[in-house]
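K.L.:
Single-letter residue listing:
Number of protein chains: 2
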Amino acid sequence: MMFPTSASVVIALLMGIVGGAFVIWELRRVLGYDPGNETMQAIAKAIQEGSAAFLSREYRVIAIFVVIVATVISTFLHWQTALCFVVGAIASAGAGYLGMYVAVRANVRTAAAAGRNLHEGLRVAFGSGSIMGMAVVSFSLIGMTVLFLMFNGNPNQLTYITGFGFGASSIALFARVGGGIYTKAADVGADLVGKVEQGIPEDDPRNPAVIADNVGDNVGDVAGMGADLFESYSGSIIAAATLGAALGAKSPAFIGLPFLVAAVGIIASLFGIYMVTGEEPKQSENGNDSILARIARFIGQYVIKIDENASLDDLLKALRHSVWGASVIILGLSLMAVLISGVSFNYWLVILVGLVTGNAIAYVTEYYTSYTDKPTQAIAHATQTGAATTIIQGLAVGMMSTVFPVLIVAAAILLSIWLGHKADGTMAAGLYAVALAGVGMLSTLGVTLATDAYGPVADNAGGIAEMSHLPSEVRHRTDALDSLGNTTAATGKGFAIGSAVLTALALLAAYVTAAKIDNLNILGPTMLPGILIGAMMPYLFSALTMMAVGKAAHEIVVEVRRQFHEIPGLMEGTGQPDYATCVGISTESALREMILPGALAVVVPLVVGHVLGKEALAGMLVGTMSSGFLLAVMMANAGGAWDNAKKWIETGQYGGKGSDSHKAAVVGDTVGDPFKDTSGPSLNILIKLMTIVSLVFANSFGSGWFNF
Amino acid sequence: MMFPTSASVVIALLMGIVGGAFVIWELRRVLGYDPGNETMQAIAKAIQEGSAAFLSREYRVIAIFVVIVATVISTFLHWQTALCFVVGAIASAGAGYLGMYVAVRANVRTAAAAGRNLHEGLRVAFGSGSIMGMAVVSFSLIGMTVLFLMFNGNPNQLTYITGFGFGASSIALFARVGGGIYTKAADVGADLVGKVEQGIPEDDPRNPAVIADNVGDNVGDVAGMGADLFESYSGSIIAAATLGAALGAKSPAFIGLPFLVAAVGIIASLFGIYMVTGEEPKQSENGNDSILARIARFIGQYVIKIDENASLDDLLKALRHSVWGASVIILGLSLMAVLISGVSFNYWLVILVGLVTGNAIAYVTEYYTSYTDKPTQAIAHATQTGAATTIIQGLAVGMMSTVFPVLIVAAAILLSIWLGHKADGTMAAGLYAVALAGVGMLSTLGVTLATDAYGPVADNAGGIAEMSHLPSEVRHRTDALDSLGNTTAATGKGFAIGSAVLTALALLAAYVTAAKIDNLNILGPTMLPGILIGAMMPYLFSALTMMAVGKAAHEIVVEVRRQFHEIPGLMEGTGQPDYATCVGISTESALREMILPGALAVVVPLVVGHVLGKEALAGMLVGTMSSGFLLAVMMANAGGAWDNAKKWIETGQYGGKGSDSHKAAVVGDTVGDPFKDTSGPSLNILIKLMTIVSLVFANSFGSGWFNF
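Residue numbers (the numbering used here), protein chains in the order written: chain L, 1 to 708; chain P, 1 to 708.
In short, the hints are calculated from the structure, not lab data. Since this is a predicted model, take the numbers as computed values, not measurements. Take the hints with a grain of salt, since some may be wrong.
Each pair may be met inside one copy or between any two copies, as identical chains are not told apart.
Unchecked claim - Derived pair list, reagent style SDA-like, types lysine to any residue, alpha-carbon separation capped at 25 angstroms:
id	residue 1	residue 2
1	K663	F706
2	K551	Q377
3	K250	N707
4	K195	K663
5	K195	S659
6	K374	T71
7	K422	F708
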């Protein structure tokens with residue numbers, strides 16, 4: 001007997017609800033921590049207000065976009081797709097808002113907890129990250145499964161649900177681009193005047209842009225990253241289900257499998273999360289935790305040991321073990337899922353390929369961006385001959401760092417297609433396998449996103465500790481947590497781009513099926529122009545976002561200079577800086593500058609699809625995917641490596657802080673800022689959004705204006 | 001009656017001989033100029049010896065490569081292909097050597113002529129460039145036509161001749177990469193110690209690396225650029241002839257047409273060249289010039305007016321008019337060629353598309369890199385907030401500058417395919433048209449390369465004027481010529497990459513035919529891995545070349561510092577610097593560092609073709625073409641814009657020389673050096689070489705190790 005699709009979907013819905021319950025439970029736990037003294041709370045309040053103000057204004061802009069697009073969809077396609085689009089947008093925005101809501105409250109609690117000991121600090125910050133992680137996966141899964149069940153029996157069921165992915169992508173794009181511009185404009189602006197011109201340290205409360213800088217960490221790295229992966233997660237499941245539907249007799253099992261894998265991923269992620277946050281007598285005594293939590297905590301006790309003298313490596317190991325623990329559980333449970341689905345064992349191997357791929361890319365990213373390894377040290381070495389050689393070496397490292405991720409992803413695609421092809425004898429099964437590998441890779445998202453979203457919380461905690469003059473050992477502890485966050489952020493970016501490529505490829509395959517393209521010859525008349533235009537899009541997009549950061553940072557610089565000039569006693573600490581104006585400028589400029597790149601990503605596929613035809617559009621998507629992948633990896637890794645080269649010099653290498661080498665490293669770090677936090681990560685979403693727009697409108701494209 | 005192929009080929013051969021005669025005649029004319037005073041001659045001699053030493057050592061390394069590859073070819077393919085390979089390599093190397101031979105003699109003569117007036121200086125420098133330009137086109141045309149006639153009647157005739165393109169590509173790669181590393185290592189090394197540490201001006205004779213720097217201009221920008229375009233020129237003709245052979249009944253006419261277009265291009269180029277170098281009583285009186293020369297000179301008198309106060313714009317106009325004049329002639333004569341060939345009028349439109357494309361790309365490049373336009377001025381503006389914003393803005397400008405070249409090339413491909421398709425009703429005719437557009441674009445090469453290869457001669461002349469303490473008005477004149485050279489170099493790079501894409505696409509189409517690939521589905525099992533690996537190659541290649549420049553420059557820095565430290569009286573001008581050691585270091589490191597990237601470009605296509613199969617190889621070529629095109633344009637234009645932003649500041653903007661803005665601009669310029677002169681232009685050849693390797697070995701690839 002074949003396992004029915006709806007049973008898989010219901011299981012996924014139930015697991016989504018379990019994840020949602022964890023979110024509420026963990027939210028109460030994190031907010032129950034001591035929020036620190038009054039100074040700390042006042043600073044945290046400013047960050048909370050700035051973040052909330054930005055996000056609500058950003059969401060208002062996005063709401064206009066959502067209404068316009070929903071109208072277009074319901075006019076030209078179906079109201080059902082429009083409904084799914086709106087639900088996808090709301091679910092993604094909701095997860096992002098919640099993640100940010102807790103992050104700007106966990107930061108001050110992390111600072112306070114770090115006043116007690118390192119593990120307490122990690123537990124609060126990681127708990128906050130886990131709320132984001134679980135909110136993303138459970139909101140996505142609940143949204144999709146409810147819509148799926150609502151349209152059950154309708155033959156266009158899956159077509160409608162692509163709208164959910166489109167809604168999620170739209171939010172993701174604006175959140176990543178808007179948040180990315182905000183965070184780096186504030187960061188670069190604050191540094192250029194504060195550190196360089198006035199010679200005051202990072203996070204100094206006298207700097208008028210310091211609150212904007214801290215707000216930026218939350219709106220960019222928490223809400224932006226969350227929306228990005230919400231989209232990959234939803235997209236990979238939608239693509240797999242859509243491709244599964246085309247596989248003939250066994251398709252009910254194929255459609256259900258990605259939902260089942262996602263469902264077991266939630267259990268596994270919860271396990272991974274407990275491994276880090278566990279071992280807490282207070283919670284286990286009040287009796288409201290599960291057997292799973294007790295087991296995870298029990299294992300965690302032996303695997304994860306974080307004492308006061310924990311090195312960066314120890315902390316990293318702790319987080320890595322939690323991800324690995326989750327992966328092992330997924331492998332076990334998804335084997336069961338494959339068996340009860342009645343599909344070939346090969347598909348379990350495909351899930352394994354996905355999991356290994358994610359971890360392998362993360363490993364390579366770590367190698368290229370960690371200052372304990374050669375590439376970053378080579379950049380530090382190049383600082384001796386000045387800023388120019390620092391930049392050249394950093395760009396070269398970034399370019400070199402693309403080699404292995406490309407080979408890994410290429411191998412994953414080839415292996416998945418091969419396994420799927422072997423199992424069911426068709427190329428369609430092969431492409432389904434690629435989508436399933438993407439689902440497998442993202443099945444641990446609940447815990448991997450937790451390790452990622454925890455970083456900005458630790459970063460903020462350090463800022464709050466600095467601004468409220470806490471004892472230096474507190475700052476040391478938050479610095480340790482922050483360094484860890486930098487590494488997990490870099491690996492998280494590698495993970496995000498890797499999953500974006502697999503998801504986009506699967507969505508592309510779904511598009512080709514939906515658009516009824518039968519001849520996709522690479523030498524077809526419009527194909528090569530399409531590929532070239534597609535390859536150009538990431539460059540145009542990056543140029544726009546980098547220039548936006550430059551422009552916005554310039555406005556901040558002018559304002560900060562004005563305040564230092566006009567507010568009496570600011571440098572002496574007797575005058576009060578006007579934080580709100582800087583927050584306002586960052587908000588205004590980020591919202592203004594995100595419109596054009598965002599609109600381009602939606603409009604260009606539609607134009608190309610109509611003018612050059614549906615084949616050229618497929619070519620364009622391939623061009624954007626390949627060129628965007630490369631550029632994104634290059635930018636993310638160069639940015640991460642420059643950042644850490646500077647950090648390495650700050651440990652005393654090549655003259656340490658204040659030396660000429662350090663000055664050159666600061667130039668590298670500043671160039672890397674928009675690379676790794678604005679332009680680079682936005683490309684993931686560009687790739688996916690362009691593909692999903694094409695998929696949603698697939699039926700509307702013809703053979704174009706050129707008549708061959 | 002159809003015009004026979006062999007008649008077209010014979011006409012091309014004759015025109016090639018005419019071009020060759022011009023080379024000899026012009027060589028005598030340029031060398032007949034006054035070589036200046038003894039100091040000047042001594043400096044020129046050092047440059048001559050350094051250049052000759054590098055080139056002969058480089059050619060020795062390449063010779064080993066050529067012998068190995070020729071053995072492989074004759075073992076696995078045919079001895080005929082191996083012969084063509086060797087002839088192609090020798091012809092390209094010969095043109096490169098000749099171009100450099102005259103450049104290192106024209107430099108000192110240009111300096112002396114600039115002592116008289118500006119137009120005289122232009123005439124010598126441009127004359128030297130025109131020798132290079134005509135040597136490239138005529139050596140290529142003579143080589144190919146002789147081989148064609150030699151194998152006449154043999155059904156594999158055209159297959160063999162692809163070997164000529166392979167030979168030319170191999171030389172091009174090593175010349176571009178080796179020369180590029182040499183020139184930038186010497187340049188960066190000389191500047192870092194000379195300008196930055198010791199505070200002595202550019203081209204100061206006390207700098208031990210100054211001769212190496214001047215040698216670099218010749219081996220990189222003359223020999224390297226020449227070999228690059230030799231390859232594009234040969235490749236476009238070979239591709240067009242090969243694709244023409246597949247067009248059925250009319251194929252003799254189709255095969256002959258590209259040769260005819262190339263033949264008329266020589267006449268047109270000669271005309272364009274005379275427009276600049278003409279109006280010279282001495283030469284017209286000795287009676288040994290043609291009617292063509294008299295007409296060109298007559299027109300040139302009215303069109304080109306260069307007086308002492310000529311601005312950069314006037315000089316630019318002079319060169320532009322000569323290219324435009326040549327283009328008009330080509331259009332007229334190629335209409336006749338199309339008519340006598342008996343093919344559709346559409347193919348004349350295709351040639352027009354090619355010519356317009358080349359000029360349009362050149363125009364866009366000029367806009368993005370000239371300091372009279374906004375993009376470069378925006379970089380200069382960004383220098384006010386330091387080196388980091390200078391770099392961010394420059395990279396953004398470089399990325400933005402890819403948009404129009406991509407749209408232009410995409411439109412050219414689409415239009416060409418459409419015109420060819422309309423004319424003969426098949427996609428094969430469309431792809432032939434793309435190749436023919438490439439031939440059209442490159443038909444003016446004799447004169448466009450002259451405007452390009454003249455730059456380094458003017459640059460060297462300035463250096464010689466500086467080192468031999470000529471009066472300041474001489475230096476002003478050579479500076480005017482040099483500025484002009486910077487702009488033509490940037491436009492030349494745009495032209496080189498545009499033609500590389502068209503040529504590579506045509507070669508790819510020839511490969512697909514030769515490898516008998518019938519299913520090139522973009523979603524085929526191995527296609528996407530192929531595309532991703534292909535897209536990665538330019539990043540790997542650029543990373544290697546940029547790191548090579550960094551490493552070699554570092555060695556120069558160490559040596560120059562040693563000399564300043566150990567040679568007594570060097571700074572005071574009483575001690576004699578040891579130029580030869582710096583020349584030796586540059587030579588050694590360039591030759592050492594060019595091996596790996598060069599070998600990769602040849603080996604990777606063979607590995608992918610055998611392991612992943614011939615379809616994956618086609619995908620890889622598409623990936624490399626699209627990704628390489630974007631990266632090359634970005635790097636070339638960012639580099640050119642940084643260079644000119646610095647020059648603009650040196651005219652007095654933002655505080656002028658020595659200001660903080662200028663320091664930031666110097667960082668940008670230094671980063672731009674390997675961008676625009678090493679990594680960026682090398683990518684053209686990477687694209688073409690990988691494609692031609694695939695074409696030559698097309699028959700040897702199967703379906704790969706993965707059995708689907």
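K.L.:
Evaluate each hint against the coordinates.
P.N.:
Hints, one by one, checked against the model:
1. K663 - F706: Neither: 55 angstroms inside a copy, 51 angstroms across copies.
2. K551 - Q377: between (31 angstroms within a copy, 15 angstroms between copies)
3. K250 - N707: between (40 angstroms within a copy, 24 angstroms between copies)
4. K195 - K663: both (11 angstroms within a copy, 19 angstroms between copies)
5. K195 - S659: This pair counts as both: shortest intra-copy Cα distance 14 angstroms, inter-copy 21 angstroms.
6. K374 - T71: Neither. Shortest intra-copy (53 angstroms) and inter-copy (39 angstroms) distances fail the 25 angstroms Cα cut-off.
7. K422 - F708: between (37 angstroms within a copy, 8 angstroms between copies)
In terms of the numbered hints stated before, the structure departs from hints 1, 6, listed from lowest to highest.
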